[in-house]
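Engineer: Start from chain A and add chain B according to the hints.
There are 2 protein chains.
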Amino acid sequence: MSLGEFDLIARYFDRPVRRSALGIGDDCALLTPQPGMQLAVSCDMLVEGRHFLSTVDPERLGHKALAVNLSDLAACGAEPLAFTLALALPQADEAFLAAFSRGLLTLADASGCELIGGDTTRGPLNICISVFGQVPLRATGTGALLRSGARPGDDLYVSGTLGDARLALEVFRGTVWLDGSSFDAVRKAMELPQPRISLGMGLRGLVSSAIDVSDGLLGDLAHVLQRSGVGAVVEVDSLPLSEVMRSQPLSLQRLCALSGGDDYELLFTAPAEHAAGVAAAGAAAGVAVTRIGRITERSDAGGARPRLVDAQGRPVDHLERSFDHFRT
Amino acid sequence: MSLGEFDLIARYFDRPVRRSALGIGDDCALLTPQPGMQLAVSCDMLVEGRHFLSTVDPERLGHKALAVNLSDLAACGAEPLAFTLALALPQADEAFLAAFSRGLLTLADASGCELIGGDTTRGPLNICISVFGQVPLRATGTGALLRSGARPGDDLYVSGTLGDARLALEVFRGTVWLDGSSFDAVRKAMELPQPRISLGMGLRGLVSSAIDVSDGLLGDLAHVLQRSGVGAVVEVDSLPLSEVMRSQPLSLQRLCALSGGDDYELLFTAPAEHAAGVAAAGAAAGVAVTRIGRITERSDAGGARPRLVDAQGRPVDHLERSFDHFRT
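Taken in sequence, the protein lines are chains A and B.
Numbering of the first sequence is given in this note's numbering, commencing with residue 29 and proceeding in unit increments.
Numbering of the second sequence is given in this note's numbering, commencing with residue 29 and proceeding in unit increments.
Hints should not be assumed to be uniformly reliable.
Examples of chain B residues toward chain A, derived with CB under 10 Å [said to hold, decoys possible]: (1) D55; (2) C56; (3) L59; (4) M73; (5) S99; (6) L115; (7) G145; (8) A172; (9) L234; (10) A238; (11) H251.
In short, the hints are calculated from the structure, not lab data.
Virtual Cβ for every residue (Gly too), placed ideally from N, Cα, C.
Isolated chain A (complex conformation) (with noise of 0.2 Å):
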């Protein structure tokens, strides 16, 4: 290996920052949001195995490990600043390290997204992402969109389609068989999500609260209805699907839609009387926008469960569990 750590650093991921105070290349990094912000911060870690496949496209799993930091900020409405990368390798591999960079690098600049500061070691391949992001500051709290705001009688969306990531990964296990054009478009659906930025910055103001989907639509709108202390019924005939997973058996599309995960769209409520605005902000960032059900009192039965029923209002079984990383 010729190259050492920092030479190998500043190739790939050392670029001059353009907003942000400080980058990489000192103790810290320095990040002002602008007067009247706060600041909204996101992490995850991904895993080779369990987050993404051995064989997949170095480019593509930059771009998604990213993706996945972005959502997060798309789901409380923030406006992405910076982010920092810590980053496990085996080994110092150029080619790579290329690739995982372009492809890490092209979302960043396409969001607006600086990389500000990082880390890199040897060690069993582990991606890190920390994300900044700004949102308004308002005299009544915060401008962010929060999972506890749900109320009664709120209509519940959901954005893009659901449920061909997991059919992706269906195929990888054998399970399913997909014909060539099919797999590569819920391939891309697994290793290119598109972070809803533009929808959630879009929805300020207009939903009660939201979330992305990234552990499946039930193991998410749980977390919702459990820190909004309410239910709800989902119409599971509405649940928006592409056209490869339309053309699979109804419980394959069920399981995927409704506990797939890696989804990365944003789930979230609103009155009935910002339906209008929500179809404007949906046509605004040029994302599909779909009613799914609505909100309900919290029943003593049912917990943070909501009901699924089918387009004749009757109910749906669905017992699959949503992805739980230490259950599985």
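Structural biologist: This is chain B only, laid out in the frame that chain A set:
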């Protein structure tokens, strides 16, 4: 394993935030630096076998994982505010988590630095912490201590003592033998480093540059010399050493003190007229501060490498390179 990921996080890490606007449990945490302050951000990743031994006491590991990050804030003169923790674990080991979180949160409480978010996943043991502090924003720029301000004629200082962590490592490697109480002392230096936060804040406005000694004195000094475009003379007989270290052979003393790494002391430069202020800042923080040399013009030949001299001003050879994760 009986605990799911979310229960596990909640049991050991989820505590109400006191200063931050929003802590664990939403998509993002929210931080609001005080008016007139900017945010200092740093990030370190610790990997088993590289940054700590598999036999380390998990409570000490929890302490050290946060301490090395707080040391970066100290080197910027930042006041700690909050941190995020991303943790990959081979299994959800409750005994490990209980001890690790105790060590981590005890130092967090003592430093006024609260845990506001993070991520937990299964994978080879990996600890990634991002830490956030605040530094004054000045009309002339930042109030943070930087690496880039050292000027010829400045005195060169270091806090505490140097090399004990490396001496402990040599005992673990079997190249050095120490009696039990001596080993305990240097092992404590390695496993329970004390971030020099009060000293760093006390040095605001007094010093021209600062860095924390994590990779070894010579390696970290080289960063300052390079960023500042200057050279330095280091008086090796002035290096502050512990009693245990002073009883070791001279060559081992110099190896450990100059290239040891893991010291987490502050290395800084200040103009001569601030010598009394520097001494007062050390006294106020309860930390020894030792003058170990001075900043010179940069020589054409020397690059960022300092000249080493003994008490009589004679050149001293020291060829050991600083610790570099990708060369060792």
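Engineer: Does each hint hold? Answer for all of them.
Structural biologist: Evaluation of the provided hints:
{"no.": "1", "hint": "D55", "verdict": "4 Å, holds"}
{"no.": "2", "hint": "C56", "verdict": "4 Å, holds"}
{"no.": "3", "hint": "L59", "verdict": "4 Å, holds"}
{"no.": "4", "hint": "M73", "verdict": "4 Å, holds"}
{"no.": "5", "hint": "S99", "verdict": "8 Å, holds"}
{"no.": "6", "hint": "L115", "verdict": "8 Å, holds"}
{"no.": "7", "hint": "G145", "verdict": "6 Å, holds"}
{"no.": "8", "hint": "A172", "verdict": "6 Å, holds"}
{"no.": "9", "hint": "L234", "verdict": "17 Å, violated"}
{"no.": "10", "hint": "A238", "verdict": "8 Å, holds"}
{"no.": "11", "hint": "H251", "verdict": "8 Å, holds"}
Hint 9 alone, counting from the list given before, is not met by this structure.
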